Structure formats: C-alpha cells, structure tokens
Amino acid sequence: MRLRAKFHCILAGLILLASFATVSAQTSLKPSLIGRRAPEILRPDFNKQTISLAKLRGRVVLLNFWASWCGPCLKEMPRFDELARQYGEKKFAVVGISIDDDQASALKAVERMNIHYPVAMGDVKLGNAYGGVLGVPITYLIDENGVIRARFEGEIETKVIEAKIKELIKH
Amino acid sequence: MRKLFVLLALLIAPLLYAQSGTAFNIPKANLIQPAELNKIITTKVATQPLILQIGSRMMFEQAHIPGSEYIGAGSQGSGIEALKARVASSKKNQAIVLYCGCCPWGRCPNVAPAFNALQSLGFTNVKVLYLEQDFGTNWIGNGYAVAR
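Those protein sequences? They're chains A and B, same order as listed.
Those letters in the first sequence? Residues 3 to 173, per our numbering, in order.
Those letters in the second sequence? Residues -11 to 136, per our numbering, in order.
All the pointers check out, no bait thrown in.
Chain A stretches covered by chain B per the calculated footprint, using a threshold of three residues with CB under 8 Å from any CB of chain B: (1) 72 to 79; (2) 93 to 103; (3) 120 to 131; (4) 134 to 140.
To give a feel for the contact side, a few chain B residues facing chain A, derived at Cβ under 10 Å: (5) ARG45; (6) MET47; (7) GLN50; (8) GLY60; (9) GLN64; (10) GLY67; (11) PRO97; (12) ASN98; (13) GLY124.
No wet-lab data here; the hints were simulated from the structure.
Remember, it's a predicted structure, so these values are computed and weren't measured experimentally.
Every residue gets a Cβ at the ideal spot worked out from N, C-alpha and C, and that includes glycine.
Turn these sequences into a full structure, and let the hints guide you.
Dropping the structure here:
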C-alpha cells in the first residue's frame, strides 16, 4: 500500500514536470499596437496570390509570425488551420508570415502540415511595422475593421485564442 | 517493484528525450547573462568576443547586438555549415558568444546544436547568451546596446 502511495506521488510529480516542459509559453498583450490599424502586408503567398489585409476587411484576421524550426509554431499552425475551417472564410481568415531565411524551408513545413491558409515570407520592414518580431511565434488578432485587438507572444492555448476570436466575431 | 521501475523509465524517457539537444543541456558554466555581455560590449576592452547570432536573419536585421554577425539557424544544416565556415580560421581558445532569442530558452532549437558543433570542433571558450524569454524581452526590453 505504501509502495502504491509512493508510486502515485512520483507519477503526480512526473505529470507536473511534463506539463511544465510542454505547456505553452505565456501570452502577453503589448499595448503599443493594440487599437491601431494593422499595417498592410501586401505580398504574394506561396501560391502566388496577393495577401492584402485591406481585401480581408469585414473578417476577423489571425496573423501569425512563425518559423519552420520553431517547435511551438509548428504545434499551433494545424490548430489555426482547424479554426479557419471551423469559422468559415466569410467571418474569419488566418494569415501566416514566415521569418525563415529561405522560402524552401517554410514551404516544406507548410506542405508537411497540410496548411490551407495563405502563408508568405516576412521581411525586416514588416517586422518593424508590427513592433518588432524578435521572437516567434507572435500572433495578432485583427478585427473586421482592420484594427489590432490582441497580440500574443509564444504558443497560445486554443481555448484562449478561440474565446478572443468569438468575442471579435460577435462584436 | 520491477514493474514500477519499468513504468517509471517509460514515463521519464520521453521527457529526457525531449530535452536532449535543447538549450537545457548547455552547462551553466557555458552560459553568459545579458547584463554581463552588455557590460563587455559597452566597455572598451581590447579583445571582444566573437558574437554570433544563430537564429533568424529577419530578427537579426530588425535588431542585433552591436558587433555581432548573422550566421544562420543553428537547427538547420546550412546554419551549422555556415558556423563551421565562420570559425574555421579561429584559434580554438577564441572567445565566442552564441545567441538566438527566437523562443523561450527551453524551446529554442538553435542554440544547443550550434554550441555542440563548436564543442565538437574543439573550441574551449564558448558561451551562450541566456535569454529566458526571447531577444526582444530580455535584451532590448532591458535597454541593452542594440544595432539596427
């Protein structure tokens, strides 16, 4: 019986340790761009279609900066793809911006994960326009009027981002 | 009892595997804190360390540590090759500081492979900049020297 109790204690400790090792990084809201119009992206995606935030007006947009070598990014992206399917393209859109050095690596990752939303390569100008993309993932939520409503650093819990999306779509 | 050990081993193994090759494996003696590195680069010392960014070019071009050089992502073969080429003519006791800051420390895929590559080449004075959250938070956020 004592052995079983010890085992349960060790198991609980390990589960706790595992949760610290794998649960998402914190999210933080940086007020600087919140409430301001989202800087235009205007660039070709990997399918050579132009991404334009102006064209996405009327929809809530999830804008995600990521890299193919970033573990948390690769965990989030299939979830974002699922959210795009779930909310439908009339109300919601996801746009990915890779900070990879080369498009080939980013494209390979997108194909491997079977991502359906538009993804383009980022650059310094875009990074600076968005307040400095000096770590990934960074995700913005933009309302239907093109105004930034939230900024998240690190991997986001699905329920957190989904609650915010629902709030913006209802608004 | 034996079953208990087997079960524990099965539970622990994935955790250890997940952390192998990560920043957590870099010995503490090989870490340098942001404040310490900032002090070094802002002090007129004759011999400055070779500071190499082994993350993303887009991040580097937005902001980087003055005097540092962009190499390439340490998690990618091309980045490691570029790193090896950059230090090929350096003495093995050359002071080298590696940094990335793309992600929280434990999740950075770039620093450990770059550190391991230099260790395997026999470099004896390699430090890795400890950026707990990311470069934006722990370097720029603290007001340390930045070049753009």
